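Trainee: These are the residues of each chain, in order.
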Amino acid sequence: MKRVVISDEPISAEVALAGLSDLGGGAVSSFTGISRDDGGVTAIELEHYPGMTESSLMRLIDEAFARWALLGAAIVHRIGRVAVGEPVVVVGAASRHRADALEATAFLIDRLKTDAPFWKKEHYADGTSVWVDAKSSDDDRSSRWT
Amino acid sequence: MRLVYFAAVREAIGVASETCDLPAHVRNINNTIDWLAGQSPGHALAFQDKARLRFALDQAMVPLDAALGDAHELAIFPPVTGG
Chain W
0 MKRVVISDEP
10 ISAEVALAGL
20 SDLGGGAVSS
30 FTGISRDDGG
40 VTAIELEHYP
50 GMTESSLMRL
60 IDEAFARWAL
70 LGAAIVHRIG
80 RVAVGEPVVV
90 VGAASRHRAD
100 ALEATAFLID
110 RLKTDAPFWK
120 KEHYADGTSV
130 WVDAKSSDDD
140 RSSRWT
Chain E
0 MRLVYFAAVR
10 EAIGVASETC
20 DLPAHVRNIN
30 NTIDWLAGQS
40 PGHALAFQDK
50 ARLRFALDQA
60 MVPLDAALGD
70 AHELAIFPPV
80 TGG
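Sequence lines, in order, name chains W and E.
By numbering that gives the first Met the number 0, the letter at position 31 of the first sequence is numbered 30, and the numbering carries on one by one without gaps.
By numbering that gives the first Met the number 0, the letter at position 67 of the second sequence is numbered 66, and the numbering carries on one by one without gaps.
Read the hints as simulated data drawn from the structure, not as lab findings.
The model shown is predicted, which means the values in this text are computed figures rather than measured ones.
Incorrect hints may appear among the rest.
Listed below are the simulated DSSO-like cross-link pairs for lysine-lysine, each with C-alpha atoms no more than 27 angstroms apart in a straight line [claimed, not checked]:
id, chain 1, residue 1, chain 2, residue 2
1, W, LYS1, W, LYS119
2, E, LYS49, W, LYS120
3, W, LYS134, W, LYS119
4, E, LYS49, W, LYS134
5, W, LYS120, W, LYS134
6, W, LYS119, E, LYS49
Some chain W residues flagged as far from chain E (calculated, every beta-carbon gap over 10 angstroms) [to be verified]:
id, residue
7, MET0
8, ASP7
9, PRO9
10, SER29
11, ASP37
12, GLY38
13, ASP61
14, PHE64
15, ARG66
16, ALA82
17, GLU102
18, HIS122
19, THR127
20, SER142
21, ARG143
Don't be surprised by glycine CBs; every beta carbon is placed ideally from N, CA and C.
Make the full structure from the sequences, and use the hints.
Mentor: Here you go:
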């Protein structure tokens with residue numbers, strides 16, 4: 000099972016991961032990224048590159064399947080305006096034993112951060128907004144997997 | 000060539016996409032950026048720091064020195080910040 004969903008509606012881990020536990024394996028691992036209150040942020044806004052986004056996320060899942068013994072994987076990502084406290088992304092993987100699902104989950108979120116065409120803007124309580132800068136720490140984590 | 004812009008690049012230029020007939024000497028992305036920067040103050044602002052830009056040709060990420068070839072769509076955007 001391979002699932003990629005881009006959603007302009009609120010997402011939940013439960014829906015994003017549905018089915019991963021029914022694939023006959025012994026392990027489901029997941030990561031949920033949540034819109035965070037960084038110094039007065041009230042919401043974030045996510046823009047993406049339709050078409051390339053979906054294909055780049057499916058390519059990451061295909062790569063994860065090639066590297067680990069997976070039974071399923073899912074990536075569900077919000078776009079549009081996301082209030083602080085709401086999920087932005089859910090990544091999950093299922094496998095027979097835990098090591099494959101755990102490592103694949105870390106791979107998927109680390110590489111999503113550097114490879115998938117999303118851009119994040121922070122909105123503040125005073126009405127101002129600013130585009131988020133890419134972090135070198137994200138590049139470092141992503142390059143662990145190359 | 001269809002050009003598409005995202006995030007701060009899109010805001011600086013003021014449009015999400017446009018179609019341009021590039022001059023014959025423009026053969027790679029670097030040439031394209033230099034030529035586009037002369038098209039308006041917004042383009043100049045968006046492309047003033049090439050090291051801060053990323054590119055996709057027909058929806059595949061490529062480096063600044065990539066040849067345009069027969070690609071139909073060039074996307075220009077800041078480093079990605081999803082997740």
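Trainee: So, for every hint listed, does it hold in this structure?
Mentor: Taking the hints in turn, this is what the structure says about them:
| no. | hint | in the structure |
| --- | --- | --- |
| 1 | LYS1(W) <-> LYS119(W) | holds, 25 angstroms |
| 2 | LYS49(E) <-> LYS120(W) | holds, 21 angstroms |
| 3 | LYS134(W) <-> LYS119(W) | holds, 12 angstroms |
| 4 | LYS49(E) <-> LYS134(W) | holds, 18 angstroms |
| 5 | LYS120(W) <-> LYS134(W) | holds, 14 angstroms |
| 6 | LYS119(W) <-> LYS49(E) | holds, 20 angstroms |
| 7 | MET0 | holds, 21 angstroms |
| 8 | ASP7 | holds, 14 angstroms |
| 9 | PRO9 | holds, 17 angstroms |
| 10 | SER29 | holds, 14 angstroms |
| 11 | ASP37 | holds, 13 angstroms |
| 12 | GLY38 | holds, 17 angstroms |
| 13 | ASP61 | holds, 15 angstroms |
| 14 | PHE64 | holds, 20 angstroms |
| 15 | ARG66 | holds, 19 angstroms |
| 16 | ALA82 | holds, 17 angstroms |
| 17 | GLU102 | holds, 17 angstroms |
| 18 | HIS122 | holds, 14 angstroms |
| 19 | THR127 | holds, 14 angstroms |
| 20 | SER142 | holds, 14 angstroms |
| 21 | ARG143 | holds, 15 angstroms |
Consistency note: the structure conflicts with none of the earlier hints.
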